[in-house]
Amino acid sequence: MTRRDGLLKILEFFLKNFILYEDQENLVGDFEEIYERVSGKSGKAAALLWYAGQIIKLIPSYFKNYTYWSFAMIKNYLKIAFRNLTRQKGYSFINITGLAVGMACAIFILLWVQDELSYDGFHENKDNIFRVATVFKEEGNTFYGAQTPAPVSSFLKNNFPEIQKSTAVNFGWLTGNSRNIIKFGEKSFYTEDLILTDPAFFDIFSFSFLQGDKKTALENPDSVILTHSTAEKCFGSEDPMNKTIQVDGNPVTVTGVITDVPKNSHLRFDVVLPLIYVRNTNREFFLTKWDAYGFATYVTLQDGVAITELDQKIDDLIIKNDPYFGDTAAHIFLQPLSKIRLFNVDGSVGFIRYVYIFSTIAFIILLIACVNYMNLSTAQSDKRAKEIGLRKVVGSKRANIIWQFFSESMLYSFISFIISILIVILFLPLFNELTGKQIAFDYANPGLLFGFFVVALFTGIIAGSYPALYLSSFIPIEILNKSKSTGAKKSPLRKILVVVQFSLSIGLIICMTIVSGQVRYIRNAEIGFEKENVITLPISGKIENIVEAFKNELKQNPGIVSVSLKSSSPLSPGGTSGTISWEGKSPDLKVNWSLPMVDHDYFKTLNMKIVDGRDFSREIKSDLQEGFILNEEAVKQGNIENPVGKQITVNGKNGIIIGVVKNAKLSSLRFAISPQAYHLSKTMGEQFQTLFIKIDSGEDAQQFNKITATLAHIESVWKKFLPDAPFEYRFLDETLENQYRTEIRISRILNTFTFLAIFLSCLGLLGLTSFMAEQRTKEIGVRKVLGASITGIVILLSKEFAKWVLVANVLAWPLAYYFMNKWLQEFAYRINIGIGTFIASAVIALIIALLTVSFLSIKAALANPIESLRYE
Amino acid sequence: MRKSMKSLTRKEEIIMLSILHLKENAYLVAIVDHLSQTTEKKVSLTSVHLPLNRLEKNELIQSEFGEATAVRGGRRKKIYTITKLGFETLEEHKRISDLLWKNYLKYSSPKD
Chain A
1 MTRRDGLLKI LEFFLKNFIL YEDQENLVGD FEEIYERVSG KSGKAAALLW YAGQIIKLIP
61 SYFKNYTYWS FAMIKNYLKI AFRNLTRQKG YSFINITGLA VGMACAIFIL LWVQDELSYD
121 GFHENKDNIF RVATVFKEEG NTFYGAQTPA PVSSFLKNNF PEIQKSTAVN FGWLTGNSRN
181 IIKFGEKSFY TEDLILTDPA FFDIFSFSFL QGDKKTALEN PDSVILTHST AEKCFGSEDP
241 MNKTIQVDGN PVTVTGVITD VPKNSHLRFD VVLPLIYVRN TNREFFLTKW DAYGFATYVT
301 LQDGVAITEL DQKIDDLIIK NDPYFGDTAA HIFLQPLSKI RLFNVDGSVG FIRYVYIFST
361 IAFIILLIAC VNYMNLSTAQ SDKRAKEIGL RKVVGSKRAN IIWQFFSESM LYSFISFIIS
421 ILIVILFLPL FNELTGKQIA FDYANPGLLF GFFVVALFTG IIAGSYPALY LSSFIPIEIL
481 NKSKSTGAKK SPLRKILVVV QFSLSIGLII CMTIVSGQVR YIRNAEIGFE KENVITLPIS
541 GKIENIVEAF KNELKQNPGI VSVSLKSSSP LSPGGTSGTI SWEGKSPDLK VNWSLPMVDH
601 DYFKTLNMKI VDGRDFSREI KSDLQEGFIL NEEAVKQGNI ENPVGKQITV NGKNGIIIGV
661 VKNAKLSSLR FAISPQAYHL SKTMGEQFQT LFIKIDSGED AQQFNKITAT LAHIESVWKK
721 FLPDAPFEYR FLDETLENQY RTEIRISRIL NTFTFLAIFL SCLGLLGLTS FMAEQRTKEI
781 GVRKVLGASI TGIVILLSKE FAKWVLVANV LAWPLAYYFM NKWLQEFAYR INIGIGTFIA
841 SAVIALIIAL LTVSFLSIKA ALANPIESLR YE
Chain B
1 MRKSMKSLTR KEEIIMLSIL HLKENAYLVA IVDHLSQTTE KKVSLTSVHL PLNRLEKNEL
61 IQSEFGEATA VRGGRRKKIY TITKLGFETL EEHKRISDLL WKNYLKYSSP KD
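So the protein sequences, as listed, match chains A and B. 1 is the number of the first residue of the first sequence in this note's numbering; add one for each residue after it. 1 is the number of the first residue of the second sequence in this note's numbering; add one for each residue after it.
Source of the hints: derived by calculation from the structure; they are not laboratory data. Note that the Cβ used here is the ideal one computed from N, Cα and C, for glycine as well. Take the hints with a grain of salt, since some may be wrong.
Unchecked claim - Straight-line alpha carbon distances no greater than 25 Å define the calculated DSS-like cross-link-like pairs of lysine-lysine that follow:
no.	chain 1	residue 1	chain 2	residue 2
1	A	Lys799	A	Lys495
2	A	Lys243	A	Lys187
3	B	Lys23	B	Lys84
4	A	Lys397	A	Lys16
5	A	Lys57	B	Lys41
6	A	Lys64	B	Lys57
7	A	Lys555	A	Lys289
8	A	Lys57	B	Lys23
9	A	Lys233	A	Lys859
10	A	Lys289	A	Lys653
11	A	Lys64	B	Lys11
12	A	Lys662	A	Lys531
13	A	Lys495	A	Lys386
14	B	Lys57	A	Lys41
15	A	Lys75	A	Lys383
16	A	Lys16	A	Lys64
17	A	Lys551	A	Lys383
18	B	Lys57	A	Lys57
19	B	Lys41	A	Lys41
20	A	Lys289	A	Lys165
21	A	Lys555	A	Lys585
22	A	Lys44	B	Lys11
23	A	Lys604	A	Lys551
24	A	Lys89	A	Lys386
25	A	Lys555	A	Lys531
26	A	Lys16	B	Lys57
27	A	Lys243	A	Lys233
28	A	Lys57	B	Lys84
29	A	Lys531	A	Lys653
30	A	Lys531	A	Lys551
31	B	Lys42	A	Lys44
Claimed, not checked - Across the chosen pairs, the derived CB separations fall in these ranges:
no.	chain 1	residue 1	chain 2	residue 2	range
32	A	Leu49	B	Arg54	28 to 36 Å
33	B	Arg54	A	Ala46	30 to 38 Å
34	A	Gly6	B	Asn53	26 to 34 Å
Stated by the list, open to error - Chain A is nowhere near these chain B residues, computed Cβ spacing over 12 Å in every case:
no.	residue
35	Arg10
36	Ile14
37	Ser18
38	His21
39	Lys41
40	His49
Throw the hints in and build the complete structure from the sequences for me.
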């Protein structure tokens with residue numbers, strides 16, 4: 001043998017790979033002969049150069065051949081795969097169903113995530129819009145807020161050349177009402193989506209005008225811009241331009257109509273008024289007030305401005321110039337538009353948490369489906385082993401076998417993909433209902449289609465990876481030698497896969513149980529008042545003169561138990577402003593209490609228990625001006641001993657604490673209850689906003705009729721006293737329920753996907769058992785002949801699976817505990833995670849697994865041994 | 001009209017003739033060497049290998065593996081021989097060429 005150096009070996013390797021197998025030997029020989037000759041004549045370097053040159057020349061023809069032959073081989077692989085698919089209908093069904101359901105989940109979640117990420121993406125200069133956020137740094141505490149005082153907008157615009165445009169937006173409270181009445185002719189309705197802003201708003205955001213001019217539409221203080229659907233609601237098919245409508249009774253002229261706000265906008269509004277709409281009212285001063293944090297400020301920046309530097313600059317200037325900002329340790333900074341929807345103001349993980357959670361769940365389900373595929377394909381390795389052996393004998397390399405199994409998994413993956421698309425189209429309405437979104441399947445979106453394609457490709461690769469690597473590692477002589485069997489028992493990875501699969505399912509069961517438990521808890525928790533049979537109606541301010549007569553007339557109806565009023569929306573405790581002090585208050589104590597104004601019947605109407613002292617009384621006239629009733633939380637936070645009878649001063653008004661009422665958890669249990677001081681007359685210009693009516697529902701049988709009659713009475717009285725206000729009542733328990741929409745929704749989504757995950761795991765288990773039972777047919781036959789009982793055989797077959805499911809718990813428990821504990825931290829009131837949940841989940845998983853397994857193992861155990869032992 | 005036969009290109013023709021000349025030593029490198037010597041031009045391996053494959057596919061030549069030699073790193077040679085069909089094709093090719101040569105060359109003379 002001639003000496004050959006390393007370089008030559010490398011070149012030879014390439015040459016070999018470039019040449020088709022049939023010609024390989026003699027051609028490499030030919031090349032070497034000439035190489036030696038050139039080497040002898042012009043030296044080794046020249047010879048190597050020549051060799052390399054030859055190889056480069058071969059490249060084009062290599063690729064031509066390669067493509068041709070790969071194509072031919074893939075055709076063959078697909079043909080074989082297709083034959084296997086049709087021959088083993090049961091396994092193929094399990095595989096394809098599993099993959100299709102898994103992919104459909106992934107696609108749904110992809111649609112959902114895409115919808116979430118598309119928030120505020122429709123604005124032309126979306127990357128250059130920032131919201132001005134505020135942060136208060138007090139000793140040890142940091143509070144973030146998304147709203148600023150109104151003057152911040154013009155202050156920024158005037159003092160910083162870096163700021164291009166700025167606008168201030170008020171979400172309606174500036175009008176003095178939490179809901180506004182829109183009236184045109186005979187039609188009137190409430191809107192909660194009214195905003196007040198300045199003309200720059202439409203320069204910054206891309207809400208397009210159908211009619212009117214965006215530059216001048218908000219110039220006149222009595223102008224109004226409507227969205228298309230609101231305009232239609234008012235005017236029908238008439239031209240809305242320059243028509244006059246009433247907002248809370250004030251006439252305003254329509255100067256513009258814009259397209260409806262897209263669903264994926266964090267700003268939601270139907271009606272736009274100019275900020276100067278509030279001129280000549282007692283709320284105008286808010287526009288220049290530096291301590292009223294109730295305006296969202298948005299800015300755009302000049303090109304190339306670094307936000308961090310600007311933040312610092314703004315901070316410096318404000319601290320220097322404005323004593324208010326300096327005093328309360330308030331700072332402002334800019335938050336990019338793209339982060340508003342998904343992140344909290346402080347930049348921490350906000351709603352995007354659910355993007356993560358759902359993506360993870362989709363990934364888990366897809367993984368479970370892939371694991372099913374892996375398990376079943378490797379379980380069938382005995383059947384495929386001969387084919388692989390033979391392929392190897394006639395010259396397949398390992399790479400070819402790998403390719404074969406990948407093309408097989410790809411075939412499955414793409415068949416499943418098509419089915420999954422059908423599933424998605426079919427179930428999209430249901431999914432929308434589940435998630436409360438209005439996602440449409442956008443076939444024209446190339447990004448989305450690409451995403452789907454990636455899902456299919458990913459599934460094919462993951463599902464095919466293990467079979468490809470495992471099956472291709474077979475050594476032909478071992479496979480073709482009949483006495484040896486590459487049995488299913490030999491592969492530990494398959495056990496691991498089943499364990500992983502069940503860990504994921506058990507984890508999801510635990511999460512599902514805890515989330516539903518928490519949701520059940522917050523819906524049924526001890527809330528300190530009676531939510532049933534209470535109707536709430538929003539009322540606007542100017543009713544003080546008629547309120548007593550109104551209440552009396554309502555009470556004429558025997559169906560009405562009690563009527564009351566409150567100065568905030570039904571569930572809100574009201575604003576937290578003002579200064580409060582009482583006898584013996586420690587001077588260092590910071591007080592941030594809500595001060596709801598109510599009337600005498602409030603606690604009676606909601607059946608809230610007075611735990612100390614007494615309720616407000618009409619007999620005791622001083623209550624009207626001096627009576628304060630605290631809730632338990634206020635007593636606790638204020639650290640007030642024997643509160644009843646103590647002097648209290650609220651916003652300069654002196655009073656006496658006459659009672660303590662049980663905490664009423666009106667707002668979401670996510671938040672801790674706020675300390676509250678109820679009182680009967682204004683302490684700082686508040687107005688009644690909500691009417692509470694407690695009705696008598698009567699006997700069950702007549703309940704519906706009775707309520708209908710009572711409502712009719714309320715409506716007629718309402719029309720008499722408040723002819724301009726729309727009659728839009730709600731039941732308190734419904735309103736309470738509504739604030740848990742997100743939690744309920746997440747609980748439902750989790751339930752749905754958990755069931756899918758379990759279903760897929762069971763499907764895989766079913767396939768695996770049937771395979772095992774088939775493999776052990778002879779063993780079972782022999783055992784039966786020797787006298788094994790049917791129960792014995794079922795236990796024999798089930799034992800192993802039971803073991804795996806139990807092992808899966810070890811993995812699932814800590815993970816589920818970690819994530820659920822984190823989720824529960826968001827709630828001020830939450831359930832404890834008990835060990836019972838974990839044990840119950842384990843038992844459920846075990847029962848499901850055993851039921852699945854026993855289905856087939858019983859069948860196998862019942863089979864007549866003659867069938868299985870007959871030699872043929 | 002005779003039964004139609006595969007026509008030969010110039011390259012195929014000279015490759016086949018080389019195989020005849022080289023007899024039992026007619027493998028790729030020898031053919032290339034022979035052609036380079038006779039034509040006094042550089043002939044590349046690939047430019048011979050492809051026509052050889054084509055001829056073999058058309059059954060004008062056939063091949064068998066020869067002895068392994070040390071100079072080739074122990075690899076065997078692929079020795080080519082002309083088949084019966086190959087001979088017939090060559091003869092036919094020669095007959096037509098001769099006919100053409102005889103008829104045309106004598107009537108024409110180069111123009112100065």
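Exercise. Between A:Lys64 and B:Lys11, does the CA-CA distance stay at or below 25 Å?
Worked result: 23 Å, holds
For this session: Below or equal to 25 Å on CA atoms is what counts here, so check A:Lys57 against B:Lys41.
Result: 19 Å, holds
Problem set entry | Agreement of A:Lys531 and A:Lys551 with the hint, judged by alpha carbon distance not exceeding 25 Å | Holds, at about 20 Å.
For this session: Decide if the proposed pair is consistent with the structure: B:Lys23 and B:Lys84, CA atoms, cutoff 25 Å inclusive.
Result: 15 Å, holds
For this session: Report holds if the minimum CB distance from B:Lys41 to chain A is greater than 12 Å, and violated otherwise.
Result: Per Cβ check, B:Lys41 is outside 12 Å of chain A; nearest 16 Å; holds.
Problem set entry | 25 Å limit on alpha-carbon distance, applied to hinted pair A:Lys233 and A:Lys859 | 65 Å, violated
Problem set entry | Restraint check for B:Lys41 with A:Lys41, where alpha carbons must lie at most 25 Å apart | Judged against 25 Å, a Cα distance of about 18 Å means the pair holds.
For this session: Please work out if B:Lys42 and A:Lys44 have their alpha carbons no farther apart than 25 Å.
Result: 20 Å, holds
Problem set entry | Satisfaction of hint between B:Lys57 and A:Lys64, Cα-Cα up to 25 Å | 19 Å, holds
Problem set entry | Cβ distance range 30 to 38 Å for B:Arg54 and A:Ala46, holds or violated | With a Cβ separation near 31 Å, B:Arg54 and A:Ala46 satisfy 30 to 38 Å, so the hint holds.
Exercise. For the pair supplied as a hint, A:Lys397 and A:Lys16, is the alpha-carbon distance within the 25 Å limit?
Worked result: 14 Å, holds
Problem set entry | Holds or violated: A:Lys662 to A:Lys531, with C-alpha atoms at most 25 Å apart | Roughly 15 Å between the alpha carbons, so the hint for A:Lys662 and A:Lys531 holds.
Checked against the numbered hints given earlier, this structure breaks hints 7, 8, 9, 14, 17, 21, 22, 28, 29, 40; the rest are met.
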